[in-house]
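A.B. asks: Okay, here's what each chain looks like letter by letter:
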Amino acid sequence: MKAKVYVTLKKSVLDPQGKAVQQALSSIGFGSVKDVRMGKYIELDLGSTTAPEAEKELKAMCEKLLANTVIEEYRFELN
Amino acid sequence: MKFGVVVFPGSNCDYDCYHVLKHVLGRDTDFVWHKDSDVSKYDCLVLPGGFSYGDYLRTGAIARFSPVMDAVRRHAEAGKLVIGICNGFQILLESGLLPGAMLRNKSLKFICKYVTLRVEETDTPFTRRIAKGALLRIPIAHGEGNYYAEDAVMESMHKNRQIVLRYADADGWITDEANPNGSRGNIAGICNEKRNVFGLMPHPERSSEAELGSSDGVKIFRSILDVAEAN
Chain U
7 MKAKVYVTLK KSVLDPQGKA VQQALSSIGF GSVKDVRMGK YIELDLGSTT APEAEKELKA
67 MCEKLLANTV IEEYRFELN
Chain P
58 MKFGVVVFPG SNCDYDCYHV LKHVLGRDTD FVWHKDSDVS KYDCLVLPGG FSYGDYLRTG
118 AIARFSPVMD AVRRHAEAGK LVIGICNGFQ ILLESGLLPG AMLRNKSLKF ICKYVTLRVE
178 ETDTPFTRRI AKGALLRIPI AHGEGNYYAE DAVMESMHKN RQIVLRYADA DGWITDEANP
238 NGSRGNIAGI CNEKRNVFGL MPHPERSSEA ELGSSDGVKI FRSILDVAEA N
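Taken in order, these protein sequences are the chains called U and P. Everything in the first sequence is counted per our numbering, starting at 7 for the first residue and increasing by one. Everything in the second sequence is counted per our numbering, starting at 58 for the first residue and increasing by one.
Keep in mind the hints are simulated off the structure, nothing from the lab. Owing to the predicted nature of the structure, the values given are computational and were not obtained by experimental measurement. A hint or two may mislead.
Stated by the list, open to error - Once the Cα atoms are required to be at most 30 Å apart in a straight line, the calculated DSS-like pairs of lysine-lysine come out as: (1) U/K25 x P/K170; (2) P/K163 x U/K25; (3) U/K62 x U/K10; (4) P/K59 x U/K46; (5) P/K166 x U/K16.
With the sequences and hints as input, model every part of the structure.
C.D. replies: Rendered as structure tokens:
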């Protein structure tokens, strides 16, 4: 089973990288872009496991290591 | 008083810390390898600056799971002293031994320069040889020193007087202009509630000898000695 994990800064946390990218987009003519949030995309091969087990494990992985929940939020997809 | 300087793969200020403790202050100091699990002979552990584990994923995020960190946690829980400098501070945040987290500098730039710090609290083992409100000139060198904690955490740190160092201007005023990285409340260094764990982004080990431009940093290390010698 494979998983895709997305980690982004919480909405309440200022994202200086996203802001810089937004300004760059604006300077090349994409001024209509309202907001840019940068994040991380992580692919995992979980081996053979069941979906409920994988979900439980992924949650633990995100909480413990993949995301820092003080500043970040995460979501994942299984397939 | 025995010091242990923890060496992670990618630490690069370990020798500077060792030099100051061993040669400038003349104290018994060892390097502690990140795979060691017994730190019981040390009174104070130093987590030095650098780029542990390449800062992969997040600064300090992988180092936090080094075998030595379980021992560091037990050492801290026993009330012994831990000081984390720069990357060491980031590791303490990731491990939950100190509250909050680090974001990229607001400017997105790596900043390496002298800053002025105002000493806000002096009833910590790390600042008790320094006058309250004193200004220290100590350099910073980081890309991710933009301290963040949510409102409730900021309030509780205020209440418990855990904010030990703030970035200030040359006259000691806490201003936005004096904030090099966007840290909330101009925070440069904090301690835990028990006051035995201290993390700071500036590098006191790089400013502990006058020949290097400032010896203000040694005041922090000397404060630690006072405590141990009083015990």
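A.B. asks: Each hint needs a verdict: does it hold in this structure or not?
C.D. replies: Structure-based check of all given hints:
no.	hint	in the structure
1	U/K25 x P/K170	25 Å, holds
2	P/K163 x U/K25	10 Å, holds
3	U/K62 x U/K10	14 Å, holds
4	P/K59 x U/K46	41 Å, violated
5	P/K166 x U/K16	22 Å, holds
The earlier numbered hint that this structure contradicts is number 4, and it is the only one.
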